[in-house]
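So the sequences go chain by chain: A and B. Numbering follows this note's numbering, in which position 341 of the first sequence is assigned residue number 341; successive positions increment by one, without gaps. For any residue, its number in this note's numbering is found by taking its place in the second sequence, counting from 1, and adding 799.
Mixed in with the good hints, there may be bad ones.
Some, not all, of what chain A presents toward chain B, calculated at C-beta under 8 Å [to be verified]:
1) G40
2) P269
3) R304
4) G508
5) K511
6) R773
The set of hints was computed from the structure by calculation and includes no laboratory data. Glycine included, C-beta positions come from ideal geometry on N, C-alpha and C.
The primary structure of each chain is shown beneath.
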Amino acid sequence: MRDYHTSMPPAGTKELDATQKFNVVAHNISKVDGEGLVLGRPAYTDDLAPQNALYVKLVRSPHAFARILSIDASEALKLPGVACVLTWKDCPRIPITRAGQGNPEPSPHDRFILDEYVRYVGDEVAVVAAEDEATAEKAVSLIKVDYQVLEPILDFEKALDNPIIIHPEPEIHEMFPIGFEPKRNIAAAYHMEIGDVEQELAASPVTVETTVHTQAQQHVALEPHTAFSYLDVQGRLVIVTSTQNPWHTRRLLGLAFQMPLRQIRIVKPRIGGGFGGKQHIHIEPYVAMVTMKTGKPARLALTRREVFEATFTRHEMRVKVRLGADPNGVLRAIDMQVLSNTGAYGEHALTTFMVAGSKTLPLYNKVKAVRFGGHVVYTNKVSAGAYRGYGAIQGLTGLESAMDELAHKLGMDPVELRRKNMLHEGETSEVFRIMGEGTEGVAMIIESCKLEECIRRGKELIGWDPEHLVREVAPGRVRAKGMAIAMQGSGIPLIDMGSARIELQDGGFFKLHVGATDLGTGSDTILAQIAAEELGVDMNDIVIHSSDTDHTPFDVGAYASSTTYVSGSAVLRAARSLKQKLIEAVSQKLGVRPQDVTFEDKMFRTVDGSKELSLNDFSYDTLYHDGTNMKTIEATESFSGDKSPPPYLAAFVEIELDKETGKVDVVNYVAVADVGTPINPNLAKIQLEGGLLQGIGMALYEDVRYSDKGHMLSHNMMTYTIPSREDVGRITVELVNSYEPSGPFGAKSAGEIGIDTPPAAIANAIRNAIGVRLTQYPFTPERVLMALRQAEKDRKGQA
Amino acid sequence: MIITLYINGKKESVECQPGEMLTEVLRRAGYVEVKKGCDTGNCGVCTVLLEGKPVLSCSYLAVRADGKHITTIQGAAKEAEEFAHFLTAEGADQCGFCAPGFALTVLAMKKEMPNPSEGEIRHYLAGNLCRCSGYEGQIRAIKKYLEADHA
């Protein structure tokens with residue numbers, strides 16, 4: 001075993017809070033699992049599946065909407081090696097949600113593990129298990145399903161009050177009021193208004209209205225969704241799965257199968273990426289059904305096509321923003337109206353929709369009136385679910401596009417328009433109090449916001465000159481700049497909770513157990529850094545284990561940009577508490593008062609210098625030598641925040657646009673962010689760089705396309721293209737000096753903020769390049785060319 | 800049918816179906832360091848070296864590999880460990896699922912190209928996709944790794 005590689009923060013990471021000197025935190029420490037993963041040591045779910053596990057395959061619907069009349073599995077069951085075929089008749093009739101969220105879930109319970117109806121192409125019809133994969137596949141092909149094909153709704157603009165009702169079943173329900181009206185194809189709805197928006201807009205000398213249509217986007221985590229299950233020696237159901245939320249998975253499975261939760265254990269090993277795509281139960285119910293039916297281990301790894309067709313996408317949204325301002329650029333009113341497409345089931349329907357407003361509107365907190373509202377509707381497309389950015393990216397795309405239109409109308413530098421209106425440290429927004437995630441929000445004063453510095457540095461890095469935002473570099477080729485600013489959150493206040501347990505081991509090292517779920521972000525590493533910093537020990541003295549419902553303390557899971565802030569705060573508390581317990585135990589042993597003992601460099605010393613004891617010696621004493629005083633010294637602590645301090649980011653992009661082909665290339669994408677103290681600057685930076693590229697993918701390349709019958713056309717990585725390393729010129733990320741008083745060692749989140757700006761900033765750059773605003777995502781060469789031709793036509797029409 | 804593969808220097812006789820791809824056969828034989836990502840030869844996580852050259856094992860018929868030498872990341876562990884040091888130092892390993900295939904391609908590039916420019920690096924590795932890192936950290940790591948070798 002080697003020591004963790006440590007180095008100082010790279011250039012571009014500014015000095016941290018002057019009052020604090022860190023030894024482990026704010027240092028670049030290599031991920032604790034990194035080398036093992038690069039070397040391919042067995043670590044992911046499918047690597048660990050038992051060799052004797054049955055292979056599970058799913059029969060999926062070929063129709064966008066249909067009723068199953070009959071399922072004939074007789075031929076399949078005759079095949080040697082087939083263990084079972086399970087259908088909706090084998091499932092308890094319990095409506096659930098597949099969304100991994102708090103309890104009660106803000107998503108409607110509108111889904112059965114298997115149902116008599118199928119509501120999108122790819123919806124699960126039957127579960128097949130066989131001794132080998134080829135037999136399972138063969139069995140799937142032998143199952144005859146008779147469908148009554150129903151007419152689907154594929155266009156989300158036509159879903160509301162359509163005579164076709166996607167969810168007529170009587171058992172489905174909401175857990176608390178979320179505006180659920182299935183008879184109108186509404187999964188959720190929400191409305192709020194502060195002040196009188198119509199009156200303010202009418203009184204505003206300058207107004208703009210911009211509508212953007214952001215598309216569904218695929219997560220494309222490189223590891224497909226994978227799970228295996230078995231019964232342990234006590235007959236309990238164990239599921240090892242690539243999940244972002246082990247506890248939600250356990251709770252939802254308990255509900256679905258009417259099992260006591262004590263009978264279920266969920267284990268998350270290493271995950272090959274999540275991005276929100278694994279914040280649900282997709283596969284776990286099916287392996288569980290097979291194991292419960294046969295008593296045998298069962299494994300299921302989705303094919304890439306299944307991941308595309310039958311997991312979740314980002315919510316497609318139509319976002320209409322109206323702004324009213326004074327001629328000097330002071331905003332008076334913002335109105336944001338959203339229509340969101342949740343697909344066949346309402347997972348994360350309300351919350352992604354509300355976040356479109358709640359994590360964007362506070363950016364411009366000085367308005368006299370602000371309004372947000374709209375509907376989330378059902379369609380017969382694959383469900384939308386959680387996805388990095390979680391509504392904020394969609395809302396921000398509308399808001400920041402409208403802000404640039406306003407700047408054009410006012411003849412103002414778009415940067416100055418934002419600076420004039422944006423949120424600052426010490427301020428608040430009524431929106432924080434009113435809008436939460438599915439519930440009311442929490443009032444919050446902003447204690448750290450370095451947007452001004454982010455903007456200043458971003459302008460410098462891109463060379464921002466408002467008089468020269470576009471230049472011709474070759475005949476027909478222009479380079480143009482655009483910008484946008486963003487905020488996100490750090491966990492969901494009063495809802496998200498994380499816990500940590502730290503225990504002294506013989507040999508003087510510490511076992512750190514957290515419920516938090518490392519998706520590959522490096523959270524195991526940064527949580528260990530937080531513990532090491534507080535205990536004053538090295539990274540090597542902390543051994544971390546995470547995400548096992550039997551063996552680690554509770555955590556809601558990795559989502560909503562929560563792990564560093566929420567789970568990290570729990571680790572900090574546990575380390576603090578443990579340090580106190582260690583000092584108390586040692587002081588008792590040495591016969592002095594606790595306040596007279598210090599713990600530094602793994603040594604306990606009395607302040608008068610008369611006595612000392614090493615951590616190593618003490619660890620043996622307390623576990624082996626101290627007679628009736630022997631005890632395990634451990635501390636378990638939890639954290640649930642009463643606020644969600646936003647990270648901020650200022651983005652500046654330079655694009656090159658070819659007017660002949662319509663192709664847009666990103667030459668340089670500059671992002672300067674305030675994430676508070678970066679616990680591990682390199683890992684924070686990578687979160688931002690990766691998020692930016694995923695956002696650039698959404699802006700330019702990625703699109704979920706369907707046939708007119710509802711078959712997904714972009715169901716593999718040839719037809720759904722994510723950015724390769726040749727697609728983007730340069731991504732430049734810097735972190736500014738910032739310190740969030742409520743966060744662990746001053747930290748806020750970094751996981752989602754990176755993805756938010758590219759769709760808006762690139763649209764704004766294209767607007768500067770060709771004078772036309774593109775609003776339909778992604779900006780493919782075809783769309784850019786069509787916009788150019790339309791502009792040409794309009795010009796000729798006017799001449 | 801039974802085919803003979805020389806995997807990481809070890810002779811293995813493995814059972815395979817006529818239409819089966821190499822990824823499946825290798826994973827079934829316990830070489831789980833060969834990952835399965837896209838099934839269509841697009842993402843690069845299944846990369847192995849076949850007679851020293853990177854191939855996408857998900858698109859390579861197992862029978863075609865009969866009698867050939869295959870190197871997985873475990874078979875190149877020593878060099879891979881050296882590269883892993885640079886990759887993890889940048890935090891660019893992230894979820895790690897693409898890393899074994901990516902690292903093998905980096906090792907192959909290093910053998911093939913003495914002094915690649917950044918453009919050449921990006922081009923050589925274009926078939927190894929990563930959804931986590933945004934590639935910038937990986938490029939930083941590769942440059943430092945190659946520079947360290949020249950130092």
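Quiz prompt | Hints the structure fails to honour | solution = 2, 4, 5 and 6
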